[in-house]
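**Q** Listed below, chain by chain, are the residues.
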Amino acid sequence: MINRLARFAIIFVLLILMQILLFNNIQFSGYVNPYIYILFILLLPIEIPAWLLLIISFATGFTIDIFTGTPGMHSAATVLAGFIRPWVLRLSSPRDGYEAGTDPSMLIYGLRWFLIYASIIVFVHHLALFYLEVFRMADFFRTMLRVILSSAFSLSFIVLLEYIRRGK
Amino acid sequence: MRNLLNFLAKYNHLIVFIILESIALYMLGTANSYHNTRIVRGIRGLAGGFERRVSNVRSYFHLRTISQSLARENALLRTSLDRYRGEQGKVFFSVTDTVLSQRYTYTSAQVINNSVNRQKNFFTVDKGRLHGITPDMAVIADNAAAGIIVGCSDNYSVAMSLLNLDFRLSARFRSNSYFGSLSWDGRDDRHAVLSEIPQHVTFGLGDTIETTGYSAVFPEGVLIGTVSDFEKTGGDFFTIGVLLANDFRQIRHVTVIGSLMKEEQLELENLYK
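Residue numbers (the working numbering), protein chains in the order written: chain V, 2 to 169; chain E, 525 to 797.
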């Protein structure tokens, strides 16, 4: 239990550091900003209580907010992602269900399952994030393009990170 | 009562969700006063220390460009100094005159955190209230407009970058002094948009755009950029694309400019509003 807690703490710190030191500085043509810290929400144990998941989501988003100077923006988007996670898990559940005591990771349930699960949550998170950032409907389609492109990039990086984790 | 408790137990996650989302949206809604609220000031101090360390490492990679831009600025200052020296050498000149007193204060600072990839970009500089920085001061980098200070802690300040959808600046042509409103459309970090220029104004591609000084934030005649393209829009106005003089991905050394007479000007203007 303590072991597991420590593991998640390390993943949390690593993802936050990667996000603020590396990925916040990445940009291709102003349309793509990958946000990979959402992987932490994806990886939390399956049987985690919904309220705890929400509080952890808020804390994660708020930490990013502090370092990017965007009060509430990442918090709101991440809480939304944490809120829909139980539904997405149920929706994408494998035929023989989830094994007790496992994490919803690619290592256990495979790439195909992970892609479906992750893409829905990443897309909803980015959708909320980018529209909250712009906060107007004037550039609706341009923002939608940014959401789609950034989601695709975030998802690729997240899958890549999962492969690296498997390699270890 | 029992029903209520059952309801709460069943939907506890929904309630937690609503509470947390409200907190987040509330923070988002009060974002403008955010930088000055007390709790956040403490947290920003913490994040500021972290950013300072990261920026220390990063600045090593930019030493060449930094020294080049400083050398350029030196040359410019030396040129203008020579010009004044020439003028003053002719006549003996010593008058204590309040009209000729200093109008602006200049504080040099370093950018320690910056973004260009969001729709509302801010950057953090390493000088704060203790160094005499207050909100609504102008920030220039490489002698060209870069942003406006919006919040200060004791040692750090946050400035709204020109690359921010909320940024507005009164700007004009250096050649003919027609002025309009400069803003950023959120598309490209090298270009801004100058609007409200009437269609009878003549100008060409490459014409210089500078600040007007009407807002009492920026001094008059600070470089912004050059005209890169333009189109006619409805209502007899031009919409002009401005290639910014600053590359916001590179800004590092900035100068914060405070107007000593801003209060006086605003006070007077408010009398007639």
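If you are wondering where the hints come from, they were derived from the structure by calculation, not from laboratory data.
Some clues are possibly wrong.
Per label pair, the in silico range of CB-to-CB distance [said to hold, decoys possible]:
| # | chain 1 | residue 1 | chain 2 | residue 2 | range |
| --- | --- | --- | --- | --- | --- |
| 1 | E | Leu529 | V | Glu100 | 30 to 40 Å |
| 2 | E | Asn700 | V | Asp140 | 46 to 56 Å |
| 3 | E | Tyr550 | V | Leu6 | 45 to 55 Å |
| 4 | V | Glu100 | E | Leu549 | 14 to 24 Å |
| 5 | E | Asn530 | V | Ile56 | 49 to 59 Å |
| 6 | V | Leu112 | E | Tyr630 | 51 to 61 Å |
| 7 | V | Asp140 | E | Gly730 | 26 to 36 Å |
| 8 | E | Phe574 | V | Arg166 | 45 to 55 Å |
| 9 | V | Ile56 | E | Gly573 | 20 to 30 Å |
Okay, derived cross-link-like pairs now, SDA-like style, lysine to any residue, Cα gap no bigger than 25 Å in a straight line [claimed, not checked]:
| # | chain 1 | residue 1 | chain 2 | residue 2 |
| --- | --- | --- | --- | --- |
| 10 | E | Lys756 | V | Leu92 |
| 11 | E | Lys534 | V | Val89 |
| 12 | E | Lys534 | V | Ala51 |
| 13 | E | Lys786 | E | Tyr796 |
| 14 | E | Lys797 | E | Phe691 |
| 15 | E | Lys534 | V | Phe142 |
| 16 | E | Lys651 | E | His724 |
| 17 | E | Lys534 | V | Glu48 |
Using N, Cα and C, we set each Cβ at its ideal position, and we do this for glycine too.
**Q** Does each hint hold? Answer for all of them.
**A** Results of checking the hints against the structure:
no.	hint	result
1	Leu529(E) <-> Glu100(V): 30 to 40 Å	holds (33 Å)
2	Asn700(E) <-> Asp140(V): 46 to 56 Å	violated (32 Å)
3	Tyr550(E) <-> Leu6(V): 45 to 55 Å	violated (31 Å)
4	Glu100(V) <-> Leu549(E): 14 to 24 Å	violated (37 Å)
5	Asn530(E) <-> Ile56(V): 49 to 59 Å	violated (23 Å)
6	Leu112(V) <-> Tyr630(E): 51 to 61 Å	holds (57 Å)
7	Asp140(V) <-> Gly730(E): 26 to 36 Å	holds (28 Å)
8	Phe574(E) <-> Arg166(V): 45 to 55 Å	violated (26 Å)
9	Ile56(V) <-> Gly573(E): 20 to 30 Å	holds (26 Å)
10	Lys756(E) <-> Leu92(V)	violated (52 Å)
11	Lys534(E) <-> Val89(V)	holds (19 Å)
12	Lys534(E) <-> Ala51(V)	holds (11 Å)
13	Lys786(E) <-> Tyr796(E)	holds (16 Å)
14	Lys797(E) <-> Phe691(E)	holds (23 Å)
15	Lys534(E) <-> Phe142(V)	violated (39 Å)
16	Lys651(E) <-> His724(E)	violated (44 Å)
17	Lys534(E) <-> Glu48(V)	holds (16 Å)
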